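For the record, the sequence lines run as chains A and B.
The opening residue of the first sequence carries number 1 in the working numbering; numbering runs sequentially from there.
The opening residue of the second sequence carries number 1 in the working numbering; numbering runs sequentially from there.
Derived from the structure by calculation, the hints contain no laboratory data.
It should be emphasised that the depicted structure is a prediction, and the values quoted were computed from it without experimental measurement.
We put the CB at the ideal spot given by N, CA and C, even for glycine.
There could be a bad hint or two in this list.
[Stated by the list, open to error] Here are the in silico distance ranges between beta carbons for each label pair:
| no. | chain 1 | residue 1 | chain 2 | residue 2 | range |
| --- | --- | --- | --- | --- | --- |
| 1 | B | H72 | A | M27 | 27 to 37 Å |
| 2 | A | M41 | B | S28 | 16 to 26 Å |
| 3 | B | E15 | A | S80 | 42 to 52 Å |
[Said to hold, decoys possible] With the C-beta cut set under 10 Å, the calculated list includes, among others, these residues of chain B facing chain A:
| no. | residue |
| --- | --- |
| 4 | V4 |
| 5 | Q38 |
| 6 | K96 |
Take a look at the letters that make up each chain.
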Amino acid sequence: NAGVTQTPKFQVLKTGQSMTLQCAQDMNHNSMYWYRQDPGMGLRLIYYSASEGTTDKGEVPNGYNVSRLNKREFSLRLESAAPSQTSVYFCASSGGQGRRETQYFGPGTRLLVL
Amino acid sequence: GENVEQHPSTLSVQEGDSAVIKCTYSDSASNYFPWYKQELGKGPQLIIDIRSNVGEKKDQRIAVTLNKTAKHFSLHITETQPEDSAVYFCAASQSKLIFGQGTTLQVKP
Numbered sequence: 001n002a003g004v005t006q007t008p009k010f011q012v013l014k015t016g017q018s019m020t021l022q023c024a025q026d027m028n029h030n031s032m033y034w035y036r037q038d039p040g041m042g043l044r045l046i047y048y049s050a051s052e053g054t055t056d057k058g059e060v061p062n063g064y065n066v067s068r069l070n071k072r073e074f075s076l077r078l079e080s081a082a083p084s085q086t087s088v089y090f091c092a093s094s095g096g097q098g099r100r101e102t103q104y105f106g107p108g109t110r111l112l113v114l
Numbered sequence: 001g002e003n004v005e006q007h008p009s010t011l012s013v014q015e016g017d018s019a020v021i022k023c024t025y026s027d028s029a030s031n032y033f034p035w036y037k038q039e040l041g042k043g044p045q046l047i048i049d050i051r052s053n054v055g056e057k058k059d060q061r062i063a064v065t066l067n068k069t070a071k072h073f074s075l076h077i078t079e080t081q082p083e084d085s086a087v088y089f090c091a092a093s094q095s096k097l098i099f100g101q102g103t104t105l106q107v108k109p
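Throw the hints in and build the complete structure from the sequences for me.
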């Protein structure tokens with residue numbers, strides 16, 4: 001099992017450019033999440049998908065959109081990137097047999113917006 | 001909404017000593033409290049968790065305690081080793097995880 005995979009690992013954007021961060025999990029989990037991590041602020045939830053076909057806003061959804069493409073894949077899109085979106089982005093999934101709440105994280109995408 | 005405060009933000013201990021990280025939460029409905037370890041350049045990894053019907057849980061050198069009345073929980077690492085050096089996050093959840101700000105633990109050989 002690869003667990004949770006994310007692409008790309010690193011990205012540099014100019015202000016106003018768009019991009020999509022990809023996430024996939026092979027653990028047959030129902031729920032998937034996107035977080036951003038900034039120094040001194042822990043991880044903050046951007047969007048989540050409790051099951052295939054549903055998405056909901058988290059703490060900091062402004063400037064982002066998501067798509068739950070199928071049970072395995074959950075993408076995060078920045079339509080017009082801003083310097084304030086410079087961060088490390090983590091995808092996670094949960095819903096394993098007997099441990100529904102445990103979230104498993106991907107390796108992260110480091111994004112720099114100039 | 002839920003708020004989780006974590007202290008200290010940095011912690012330096014000598015190899016073999018114990019380390020304690022504390023968190024407080026605001027939502028009394030929270031019922032699941034995981035701890036994550038994040039090594040440099042990697043994603044957070046669950047190391048231990050506790051549910052609100054349990055006061056203490058231990059797994060080898062790590063233990064977590066929960067005081068529901070006071071709304072705080074703690075991570076205890078005994079006999080620390082250099083490979084314990086990392087950033088540790090607590091979290092609290094009733095439906096969604098809310099994370100603390102993180103503690104950078106340095107274990108000096």
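- Cut-off 10 Å, beta-carbon criterion: hint that Q38 (chain B) touches chain A: holds (8 Å)
- Closer than 10 Å between Cβ atoms is the bar; does V4 (chain B) clear it against chain A? Give me holds or violated. V4 (chain B) check passes; min Cβ-Cβ to chain A is 8 Å, inside 10 Å.
- Query: Lying within 27 to 37 Å: is that true of the beta-carbon distance H72 (chain B) to M27 (chain A)?
  - Reply: At 32 Å between Cβs, range holds.
- Message: Can you tell me whether the CB distance of M41 (chain A) to S28 (chain B) sits inside 16 to 26 Å?
- Response: Distance hint for M41 (chain A), S28 (chain B) holds at roughly 24 Å.
- Item | Interface restraint verdict for K96 (chain B) against chain A (beta-carbon cut-off 10 Å) | This interface hint holds because 6 Å falls under the 10 Å limit.
- Query: Between E15 (chain B) and S80 (chain A), does the beta-carbon spacing fit 42 to 52 Å?
  - Reply: holds (49 Å)
Consistency with the previously given hints is maintained throughout, with no hint failing.
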